[in-house]
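Protein chains in written order, with the UniProt record's numbering: chain S, 1 to 643; chain U, 1 to 235.
To be clear, the hints were calculated from the coordinates, so they are not data collected in a lab.
Fair warning: there could be bad hints in the mix.
Unchecked claim - Simulated restraints on C-beta separations: (1) 186(S) x 28(U): 44 to 50 Å; (2) 598(S) x 104(U): 38 to 44 Å; (3) 197(S) x 74(U): 30 to 36 Å; (4) 104(U) x 61(S): 18 to 24 Å; (5) 74(U) x 141(S): 19 to 25 Å; (6) 16(U) x 207(S): 38 to 44 Å.
From the three backbone atoms N, C-alpha and C, an ideal C-beta is built for every residue, glycine too.
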Amino acid sequence: MSKSDAYTQAGKTAVLQNIHGTVEFLQKYPPFNQMDLAHLAYLVENCQLRFYSAGETIIKPTDGPVEYFYIVKQGHVHGERPHSAKRGTETTFEITSGECFPLAALIGERATRTEHLAAEDTFCLLLNKPAFVKLFALSNPFRDFALRGVSSLLDQVNQQVQMRAVESLGAQYSLDSRLAELAMRQPISCTPATPLRKAVQLMHEQHVGCIVIVDPALKPLGIFTLRDLRRVIADGSSLDQPIASLMTLEPFYLPPDASAFEAAIAMTERHIAHICLVEHERLCGVVSERDLFSLQRVDLVHLARTIRHAGTVETLAALRSDIRQLVERMLAHGASSTQITHIITLFNDHSVCRVIELTLEDLGDPGVPFTWLCFGSEGRREQTLHTDQDNGILFEAADSVTAADMRRRLLPLAVEINQRLAQCGFTLCKGNIMAGNPELCLSRHEWTRRFNSFIDEATPENLLKSSIYFDLRVVWGDPHGCDLVRQGLLKQIAGNSLFQRMMAENALRQRPPVGRFRDFVVARKGAEKDTLDLKVQGLTPFVDGARLLALAHGIETCNTLERLRELIAKGVIEPLDGAAYEEAYHFIQQTRMQQHQLQAQQDRPYSNRIDPDSLNQLDRRILREAFRQAQRLQSSLALRYQL
Amino acid sequence: MSQFTWFSGRGPALLEAQLDRRIGLAEPAALDHRPLGEQRLVVLDLETSGLDMKRDRLLSIGAVAIDRGAIDFSQQFECTLHRLDHKVGPSVLIHGIAPSAIANGVEPAEALLDFMEFVGDSPLLAFHAGFDQRMLARALKQSLGYSLRHRFFDIAELAPLLCPQAKLPRGGLDDWTRYFGLQVQQRHHASADALATAELALILFSKARRQQLDSLLALQQRLASWQRRQRAHSL
């Protein structure tokens with residue numbers, strides 16, 4: 001290596017190490033989090049770091065044209081202007097970590113009109129003007145930010161409000177943000193023939209945890225992560241072999257328009273830490289668990305993993321409080337009710353699976369393959385934190401004698417699983433809808449027979465049961481048997497208009513609490529005076545209506561919102577109506593959850609009853625509209641089934 | 001470049017070009033009354049194979065420059081030295097430099113020449129500077145036959161002197177960064193530690209200015225009298 005090479009090399013690694021840390025710091029804030037990594041590195045390389053002790057002036061109007069772009073690295077900066085009316089000065093703005101100044105003066109090539117003071121001991125990064133100008137020309141997000149910052153005072157106020165929200169959210173994104181916005185850097189990729197050593201070198205240089213193997217058209221063929229590298233080294237495989245022989249084939253991918261939430265769910269479900277973004281079969285980004293983590297400050301993926309590997313039921317029970325905290329934080333961070341019910345369902349599923357596995361380990365394999373089913377809100381993936389057990393077991397048996405024998409072997413296990421689930425916070429079902437109940441530990445044929453009896457004899461009791469059991473889903477075990485039962489069920493219902501009519505009647509039982517003259521209909525007396533029930537009066541009409549229409553039209557999914565979407569897709573309901581139902585359902589559920597959170601904070605028991613007068617004007621109006629949508633859904637059912 | 005190796009009597013074997021570079025190194029500048037804000041200083045942190053100043057060896061150098069009162073991100077130095085027969089000792093757990101990084105490191109004479117060129121005539125700053133000074137001096141002697149005469153300032157001494165209210169008479173780098181609420185990116189990495197030390201230095205210089213100690217010479221004089229007082233105290 002020649003002298004000059006050695007010098008640049010030495011310089012380069014130094015730049016990488018310390019600059020990398022500063023880049024990481026900046027990446028937490030806009031606009032830096034949207035900037036290309038190379039541009040960001042250029043920015044940091046052209047910065048100097050300065051210290052200002054509390055009270056010290058950073059820039060003032062008499063300094064002349066501004067020479068630097070300032071980014072607060074640590075501390076607090078105040079803007080002080082001469083008071084317009086009185087003598088003295090007034091603080092016009094506050095700038096804190098990750099924020100920048102003075103954009104207007106810098107772009108206007110003039111002096112600042114405001115004196116900027118360090119409100120406390122403060123470190124600022126100073127980018128020199130030539131570098132600022134260059135970045136302004138090169139980087140679109142940087143330019144947008146710089147221009148937007150000076151467009152108007154109102155904008156600035158808005159931006160500050162946003163910034164404050166950013167601070168409490170941890171990033172400017174919510175779980176709804178598009179993945180394309182999160183995948184900030186170019187994905188690192190290589191060809192299948194690349195030797196492993198070279199690929200790892202590339203990952204190291206670029207500070208990434210994975211590399212995507214692509215074909216010449218940039219279509220992802222496989223993925224290789226640091227976790228894989230550990231495995232390769234442990235196996236003693238050669239580092240010189242092509243990466244193609246070591247990569248994980250067909251990596252999981254999402255479109256860049258998918259949401260951060262979908263990515264978090266996929267990572268949690270699949271136990272992966274990286275997701276490729278693919279558009280038109282071309283790799284366009286990679287989102288890592290860390291990208292999401294910094295986004296949420298809520299480590300979903302990690303918690304799911306901990307649950308999945310918990311060694312004892314006691315550990316699982318202890319993790320319940322972590323789940324509760326996570327949900328609280330998500331609510332506080334503005335996650336939607338749909339996202340939260342989805343997350344809770346996911347964690348509950350993980351917990352149930354783990355309890356089953358642990359019980360199997362302790363009691364031994366009963367020697368009968370079985371499937372664990374759940375019903376009701378768990379089946380619809382609409383659970384909130386406090387939830388009952390509604391579960392059952394399905395197994396395959398050739399005849400009723402074998403079935404009875406298998407049931408005998410499965411029941412002790414089922415009872416134990418129910419007990420352990422109770423230990424983990426899944427309250428035992430008062431109606432005994434549990435797998436430990438011999439009536440709910442059935443072979444596939446027995447389930448089909450049982451379900452058919454509900455449909456054939458539509459007594460009020462059977463109608464109630466069908467509203468619980470027909471929202472069924474597999475949590476653990478082979479899903480095939482359950483699919484067959486469901487298909488039989490759908491066929492049976494499609495051909496039974498009497499049953500459909502009875503279900504429709506049932507779906508009209510709960511009337512949404514809005515009257516013709518007064519806006520809300522509330523309980524008149526007793527402890528529930530002046531309140532209405534968000535769940536029974538608000539959500540149930542949607543749940544029942546969606547179930548009826550879905551079952552009648554051969555739709556397999558159980559989730560209310562998904563049912564509505566598929567009903568729209570099948571042309572059963574109008575898209576506009578469907579969207580309105582969806583929004584209404586969503587709002588009522590959200591109100592209910594916020595209410596639960598409030599109750600938890602005030603140490604009151606959970607209740608679904610709310611006094612509409614306790615809501616602010618806007619929420620009150622929206623809630624009333626939401627109930628009216630439930631009313632519309634019901635009248636459309638009445639019309640359809642001529643009730 | 002001529003590959004002719006020039007052998008001095010007892011000194012290390014250097015290439016002719018290296019010898020030229022050694023001769024070209026700047027003499028350390030004398031301390032003067034220049035305000036701290038106009039001074040160039042180099043803040044360094046060394047990672048070594050251990051704490052024994054006689055036996056252990058220099059493994060990597062991290063340094064940042066404080067120029068005209070600011071840490072200049074375009075002036076940074078980091079280099080891992082190539083060491084033959086480097087054995088992994090317990091201190092690998094602290095400095096975290098993998099044997100492979102040492103194997104890929106820069107040849108020591110080149111690395112040290114690069115570093116001294118980066119330093120130029122600037123005084124040096126370090127936390128527990130006595131250690132870095134001796135380790136660096138020994139490495140320079142062994143690899144280059146060069147005698148280090150640059151002035152070192154010890155942040156571990158300046159900090160309690162300028163900031164007695166912290167009540168950290170024997171505080172370590174972690175104590176002081178915590179005291180001032182500094183965010184350190186990656187402790188025990190030479191260049192990250194150098195950056196943290198440099199940030200400390202900026203805070204301390206700001207305090208020094210307020211105590212009318214606005215030059216290295218003034219600081220040195222105050223330090224000497226303070227040390228005398230400390231010694232008198234302990235007697």
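Outcome of the hint check:
1. 186(S) x 28(U): 44 to 50 Å: 45 Å Cβ-Cβ, so the 44 to 50 Å window holds.
2. 598(S) x 104(U): 38 to 44 Å: violated (59 Å)
3. 197(S) x 74(U): 30 to 36 Å: With a Cβ separation near 32 Å, residue 197(S) and residue 74(U) satisfy 30 to 36 Å, so the hint holds.
4. 104(U) x 61(S): 18 to 24 Å: Once the Cβ atoms are compared, 53 Å apart, the range 18 to 24 Å for residue 61(S) and residue 104(U) is violated.
5. 74(U) x 141(S): 19 to 25 Å: holds (23 Å)
6. 16(U) x 207(S): 38 to 44 Å: holds (39 Å)
Comparing the model with each numbered hint stated earlier shows that hints 2 and 4 do not hold.
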